[in-house]
Amino acid sequence: MAISEGLIEETLFELMRKASISLPLDVQNALKAGYAREESVTAKGQLMSILDNCRIANEKQIGLCQDTGVPMVYADVGLGCRIEGNPQAAMARALERATKEVPLRQNVINPLTKENSGTNTGWGIPYVHWDMVPSADYLDLMAVPKGFGSEMRAAQCWVLTSEDIGRATVKAVLDVVEDAMGEPCPPVILGIGIGGFADSSMALAKKALFRTPIGTRNVDPVVAALEAEIFEAVNAMELGPMGFGGKTYALGVHAELNGSHTAVVPVSIMFQCWACRYSKARIHNDGRVEYLTHPERGSAQ
Amino acid sequence: MTREYHFQLPVTEEQIRQLNCGDTVYVSGLVYTMRDMGHRRAVDMLARGETLPFDLHNGALWHCAPIVRKTPQGKWEAISAGPTTSSRFTYLGSELIKQLQIRCTIGKGTMLTKAVETMKEVGSCFLNSTGGCAALYAGKIEEVVNVFWTDLGLPEATWVLRMKDFGPLIVGIDTHGNSLFEKVGAKMRQNMASIYEKSHLDPNYSLSYLPKRVVARSSGSKW
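Sequences listed follow chains V and G, in order. FYI, numbering that gives the first Met the number 0 numbers position 29 of the first sequence as 28, with every residue one higher than the one before it. FYI, numbering that gives the first Met the number 0 numbers position 3 of the second sequence as 2, with every residue one higher than the one before it.
Keep in mind that the hints were calculated from the coordinates and are not lab data. Among the clues, some could well be false.
To be verified - Cβ-to-Cβ under 8 Å is the rule here; a few derived chain V residues that face chain G:
| no. | residue |
| --- | --- |
| 1 | S48 |
| 2 | I108 |
| 3 | W157 |
| 4 | A171 |
| 5 | G242 |
| 6 | K246 |
| 7 | C272 |
Owing to the predicted nature of the structure, the values given are computational and were not obtained by experimental measurement. C-beta: ideal position from N, C-alpha, C; glycine also.
Given these sequences and hints, build the entire structure.
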């Protein structure tokens, strides 16, 4: 038994299609709750457009946002499964197909020459974040077409350990939100990585965005308290949906912690726009595929 | 009290000068898309005294790059089309508004002070489309009329879209020097005092960040 290149290609293609067209159910529910919570005509109007948009995308089976991002894949590989061939090449083929058939926007360029490959691949893309799962015999794949309006708002600061890192984290988030306002397409999800290295801290913040269901608290009570405090503070700024004022700026605040150096701690902050698109599947070693976030074809409902 | 307007493009300066921040606008007619590389090319061409291959005078520019596909008959169709972040076009966009009398700039987020000043001077406005609502707005596109500058890559090309009742668009910057984001920002700054107090934070506590400023030149000059 083994997982073939063909199965990886087929599954990732399907994941990219599902992710681009419809939001995971918990994201949809969080947006509906935001609509119910808002009182002003403007804030309700923005969320109404967003909910209408999601319905139309699902009905017509088209991309719900035109920015389908730079292809990124999370791959959690069970050490008990065997993968045949070259999974990275299979993923690139899946993305090329998805670009034509979903379709996706041709976003990927060479940053220096600005040549557009037209396929959403090339120069190291798709970017695959590999993790291992020691006692599993499956491969979990998650496709993430994340828009760059929220990606470009990522920030990182370094805090000396003579400071209170918790307070500094709150201040850092308030700073970046004050600067970003409505640009990253709120209501947003905020991912926070505390500790680790410059790169791993940012990766931690990014992966935290996709914690499900939205608003689930970290198991560490100290981190959970920080999440709750930041969630309340950010919404109290009254920036609201799309930054036109209102109560709903953040749908969720998810923080993660890694061990860090005794001298200085990186704090990384990631934004995810309301169009929090991802789709996840589990490919078992015997070839069975379970679509976890979007069990129905093209729909999370 | 906010009002609702339905405009047929191109529009007149007078039509735009009556708008106030927060008003709702629907536009019909030709809308031109433009993003970063297109802005650079347009400003450079004008600096060399050349004429653009399309007419933006009294027209509408949309900060947008649609997902497009060619039909079997060889005609382009826009599948999904929504706005991109507009602050990026503050300087180059202001240059184009001034030189070409563009009346409506449609996008998301906002454009910064330079654009607010330019719009007041020229008689031009910024209209907010809701970020991410690309399936909704694609339904307002009647036809992809033309495309220019595909050599920049399909997203950076200028797409000429015939729109029908494109909206609701919220007036984000009017011709009176007002910006909706400024207004929300002022309220936010008021709120910060109690937020800082509740979190036991000194508002002057400053952290240093990795450089994250986006670099853009403000004119058509060379590096």
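How the hints compare with the structure:
no., hint, verdict
1, S48, "4 Å, holds"
2, I108, "6 Å, holds"
3, W157, "7 Å, holds"
4, A171, "6 Å, holds"
5, G242, "6 Å, holds"
6, K246, "12 Å, violated"
7, C272, "6 Å, holds"
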